[in-house]
Amino acid sequence: GAVVSQHPSWVICKSGTSVKIECRSLDFQATTMFWYRQFPKQSLMLMATSNEGSKATYEQGVEKDKFLINHASLTLSTLTVTSAHPEDSSFYICSAGGRDSPLHFGNGTRLTVT
Amino acid sequence: ELKVEQNPLFLSMQEGKNYTIYCNYSTTSDRLYWYRQDPGKSLESLFVLLSNGAVKQEGRLMASLDTKARLSTLHITAAVHDLSATYFCAVEPKGTYKYIFGTGTRLKVLA
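The listed protein sequences correspond, in order, to chains A and B. Read in order, the letters of the first sequence correspond to residues 1 to 114 in this note's numbering. Read in order, the letters of the second sequence correspond to residues 1001 to 1111 in this note's numbering.
Accuracy of the hints is not assured; some may be wrong.
Dumping the calculated DMTMM-like pairs for lysine to aspartate or glutamate here, alpha-carbon to alpha-carbon at most 25 angstroms [said to hold, decoys possible]: (1) LYS14(A) - ASP88(A); (2) LYS41(A) - ASP1082(B); (3) LYS1041(B) - ASP65(A); (4) LYS64(A) - GLU1001(B); (5) LYS20(A) - GLU1058(B); (6) LYS1003(B) - GLU59(A); (7) LYS41(A) - ASP27(A); (8) LYS1094(B) - GLU1001(B); (9) LYS1056(B) - ASP1066(B); (10) LYS1041(B) - ASP27(A); (11) LYS1094(B) - GLU59(A); (12) LYS14(A) - GLU52(A); (13) LYS1108(B) - ASP1030(B); (14) LYS1041(B) - GLU22(A); (15) LYS1056(B) - GLU1092(B); (16) LYS1003(B) - GLU63(A); (17) LYS1098(B) - GLU52(A); (18) LYS1003(B) - ASP1038(B).
Note that these hints are calculated values from the structure, not bench results.
So that you can see chain A by itself, here it is in the shape it has in the complex (with noise of 0.2 angstroms):
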């Protein structure tokens, strides 16, 4: 079945640094994907879909300049979060599918900003 891999798996960085986040369709190519965002023992917070080769569509509230999307070919987006303070520490999960299939969503990335 399709597979979507995201890495890493958890990262810790310091506030004011940036950090990458990878999401990878293994087997289908997605020309959409989906970032969401999710505080603990809360719901998923769609935070943008990632569009490729043409720019993210953020939802209202998110800022696109702290979280840079980049969706460069039909297998991988890239999320950046950028200049991270501790209130950025969050889970992190990407999703992508076919259309008529319900979206797969990669194992999220657990970031902490110390």
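Starting from the known structure of chain A, arrange chain B on it as the hints suggest.
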């Protein structure tokens, strides 16, 4: 504002008992998904409901969709400890390809 609400938010139940989790949403949609999440893990797809009246069953879980009432249910039959997890419904608003997640239901099955 689009809302996807689950009820209850927390559920503690004895093994062997039955219970239903409800998912109400406020937009037009005929696509609804149920996922399971274990602590510290990502999401596991449980059910895909793509039309009004759809019913799917897998083991002790059964999901249904009523698009007119904008309601989906996840029924648990004879619960076992292994079902302890957080369950999310996700709605795909008509005309979009986005999933909007429900508030989640944390289920704990007591032995």
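Going through the hints against the structure:
1. LYS14(A) - ASP88(A): holds (11 angstroms)
2. LYS41(A) - ASP1082(B): holds (19 angstroms)
3. LYS1041(B) - ASP65(A): The given pair, whose Cα atoms are some 28 angstroms apart, is violated under the 25 angstroms limit.
4. LYS64(A) - GLU1001(B): OK: LYS64(A) and GLU1001(B) at ~21 angstroms, within 25 angstroms.
5. LYS20(A) - GLU1058(B): violated (38 angstroms)
6. LYS1003(B) - GLU59(A): holds (15 angstroms)
7. LYS41(A) - ASP27(A): violated (31 angstroms)
8. LYS1094(B) - GLU1001(B): It holds: about 15 angstroms lies between the C-alpha atoms, which stays within 25 angstroms.
9. LYS1056(B) - ASP1066(B): holds (13 angstroms)
10. LYS1041(B) - ASP27(A): The hint holds at about 22 angstroms.
11. LYS1094(B) - GLU59(A): Given pair LYS1094(B), GLU59(A) holds - Cα atoms ~17 angstroms apart, limit 25 angstroms.
12. LYS14(A) - GLU52(A): violated (30 angstroms)
13. LYS1108(B) - ASP1030(B): violated (30 angstroms)
14. LYS1041(B) - GLU22(A): holds (17 angstroms)
15. LYS1056(B) - GLU1092(B): holds (18 angstroms)
16. LYS1003(B) - GLU63(A): Distance ~22 angstroms between LYS1003(B) and GLU63(A) Cα, so the pair holds.
17. LYS1098(B) - GLU52(A): holds (16 angstroms)
18. LYS1003(B) - ASP1038(B): It holds: about 24 angstroms lies between the C-alpha atoms, which stays within 25 angstroms.
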